[in-house]
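With these hints in hand, go ahead and build the complete structure from the sequences.
Number of protein chains: 2
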Amino acid sequence: MVKPITMSQKVHNFSAGPGILPDEVIQQAAQAVLNFNSTGLSLLEISHRSKEYVAVMDEARDIVKRLLGLGDDYDVIYLGGGASLQFAMVAYNLLTVDNYAAYTNTGVWAKKAIKEAKMMGKVTVVASSEDKNYNFIPKDYTVPNDADYFHCTSNNTIYGTQMKAFPKSAVPLVCDMSSDIFSRVLDFTQFDLIYAGAQKNMGPAGATMVAVKKSILGKSGRIIPSMLDYNIHIEGESMYNTPPVFPVYCVMLTLQWVEKMGGIAAMEKRNNAKAELLYNEIDRNSLFVGTTAKEDRSYMNLCFVMKDESKEEAFSQALKVANISGLKGHRSVGGFRASIYNALPIESVQVLVDVMKQFEQTHA
Amino acid sequence: MVKPITMSQKVHNFSAGPGILPDEVIQQAAQAVLNFNSTGLSLLEISHRSKEYVAVMDEARDIVKRLLGLGDDYDVIYLGGGASLQFAMVAYNLLTVDNYAAYTNTGVWAKKAIKEAKMMGKVTVVASSEDKNYNFIPKDYTVPNDADYFHCTSNNTIYGTQMKAFPKSAVPLVCDMSSDIFSRVLDFTQFDLIYAGAQKNMGPAGATMVAVKKSILGKSGRIIPSMLDYNIHIEGESMYNTPPVFPVYCVMLTLQWVEKMGGIAAMEKRNNAKAELLYNEIDRNSLFVGTTAKEDRSYMNLCFVMKDESKEEAFSQALKVANISGLKGHRSVGGFRASIYNALPIESVQVLVDVMKQFEQTHA
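These protein sequence lines are chains X and F, in that order. Note that the first sequence covers residues 1 to 364 in the numbering used here. Note that the second sequence covers residues 1 to 364 in the numbering used here.
Derived from the structure by calculation, the hints contain no laboratory data. It is possible that part of the hints are untrue.
Note that the list lumps identical chains together, so a pair holds whenever it fits in one copy or between two copies.
Straight-line Cα separation of at most 30 Å, DSBU-like style, residue types lysine-lysine; simulated pairs [to be verified]:
(1) K320 x K65
(2) K260 x K307
(3) K51 x K311
(4) K51 x K112
(5) K269 x K214
(6) K320 x K51
(7) K118 x K10
(8) K51 x K168
Spelled out as structure tokens, the structure:
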């Protein structure tokens with residue numbers, strides 16, 4: 001009754017998010033929907049308090065710490081509501097009434113994070129690339145020593161820029177890693193709070209991961225609604241209320257796949273090879289041009305436009321013929337965006353590069 | 001590779017939530033995980049802005065209005081975070097700084113809703129059954145005419161009580177229907193705001209449905225974080241940010257199943273037959289006794305204990321042999337709780353009743 005995908009249907013999925021997941025994760029997830037761990041029940045209809053599911057949640061929390069190299073001073077929780085809810089939660093939990101927070105404004109999501117924090121209190125934007133349509137990462141700033149915290153966005157999905165290094169910070173360093181977590185080797189212990197919506201490198205939509213040093217919590221002096229209070233979710237071992245059961249299960253499967261493939265170092269190697277293959281073609285091909293400063297290019301979301309915009313429709317048609325999906329650029333940048341998340345095979349990038357080469361031959 | 005459940009594994013699922021879903025919904029959900037609508041992509045890895053998924057969200061919103069008989073003065077949205085997040089959102093959106101809200105305290109979830117509202121402002125509890133361990137529904141109260149709103153819980157999952165009628169209210173009537181929505185015929189237009197976590201009668205965990213009369217919004221005078229602002233989600237057509245894609249899809253499938261089966265009237269008929277079959281046995285059987293006032297008995301969560309507590313372990317063993325799952329009562333009531341949500345077939349209740357009869361013969 002349940003039919004697999006035939007090879008003729010195989011799509012090269014460059015979607016910016018929700019994005020591509022490993023084939024084996026999809027197979028395992030479908031199996032769990034039908035019969036979870038041979039319980040005779042679907043994962044969709046079992047209690048989150050069952051011992052089988054508690055084991056899933058425990059593993060989903062532990063594996064984040066294993067992969068990121070975080071110690072016992074960090075707690076990991078999964079929440080609903082998306083990374084957008086974290087914009088408010090970060091401020092609720094960390095921003096005091098009489099002090100301020102420091103932010104960088106490097107894209108639409110950073111700007112939204114700033115907007116939500118401003119609803120709660122004072123915010124200083126220490127650096128911005130907004131006036132250049134966010135096409136670079138500002139580096140010429142220092143993190144103030146007296147802020148409650150410093151917030152940055154590691155990768156800007158829409159604009160295709162990525163922070164290659166992070167500033168020294170004497171105050172808690174908070175990072176939205178929604179679109180590049182688990183994609184590259186970093187010293188993750190430099191961050192005090194990392195959050196990421198699952199739907200790019202971690203799993204399907206519906207769960208957001210937060211890894212936080214518990215020592216920075218409990219100091220905002222605010223009355224925090226229980227569901228927005230990190231401490232309450234930590235005390236509840238990420239089960240203060242019913243968690244997003246199936247999305248968290250898929251995150252666990254995806255991170256187990258990362259671990260099996262060799263961890264973040266192996267992902268970085270894969271992603272570097274994919275990104276270099278495509279950026280080399282963007283730079284070589286006479287029809288295309290990248291949209292961002294070269295030193296800030298994202299190795300997750302690669303944005304490029306056509307020098308002659310009138311050829312975009314024909315190129316889009318060529319992509320379609322090659323079964324390439326999700327390459328349309330965000331409306332605020334235009335052109336094309338190739339999101340090459342962990343699960344995307346290099347073969348898909350090669351197909352895209354081949355289409356670009358072929359298109360140059362016929363349309364240059 | 002993906003294997004279906006064999007008949008010998010078939011479990012009678014009385015879980016209180018996440019709870020049982022229709023077999024055909026589980027089959028369709030598994031199919032969508034493998035290949036969604038023949039797109040060649042998993043539902044877990046497609047953009048929520050794709051036309052295929054926008055159609056899912058539109059249908060998931062529309063079908064709520066069709067089934068509940070709500071007109072264009074209502075909007076339907078799906079949010080993450082669970083019904084627990086609604087406890088804070090209701091207060092954020094409806095409770096003014098200088099007035100108060102009226103609540104009934106009929107169970108643990110009602111009490112939590114009160115706690116969250118009290119963090120925001122003034123609350124008056126107009127009726128409570130807490131001193132009787134919530135074993136009845138208070139009826140001897142009137143809803144104040146000058147409150148910002150009146151909040152009640154239609155069904156108390158833990159204690160097995162259910163409101164059979166709702167008070168007249170001159171102020172907005174807000175109802176947490178998490179555990180009995182779509183289970184019985186009501187005049188749903190008497191409510192101004194209905195919310196329900198999906199994981200009982202609507203689908204898997206990870207999505208919460210809110211149906212709200214837009215005319216009651218925008219009056220609290222508060223600065224509301226965007227993700228907690230109903231108006232923002234309504235304006236975004238429930239896609240202000242990435243929604244819980246797969247859980248909402250499963251909700252759509254489950255509600256389409258309800259519609260196909262004959263709508264809420266058909267569900268009520270099924271549920272009445274199941275509840276009466278089991279309550280009749282609880283009342284007849286010399287070993288068992290119901291825990292709530294008879295006139296307030298829930299037709300979704302049926303709570304009962306053994307007159308001789310020392311027989312509980314043997315009875316639990318008999319349940320296990322019969323492949324009956326999820327019947328353990330909540331720790332605050334003890335004994336047993338049979339959750340007989342829409343998707344539970346009457347055959348499962350009959351199996352349970354047969355076990356109870358058999359147990360009486362051998363253990364009375």
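- Hint numbers the structure violates, sorted upward? 1, 2, 5, 7, 8
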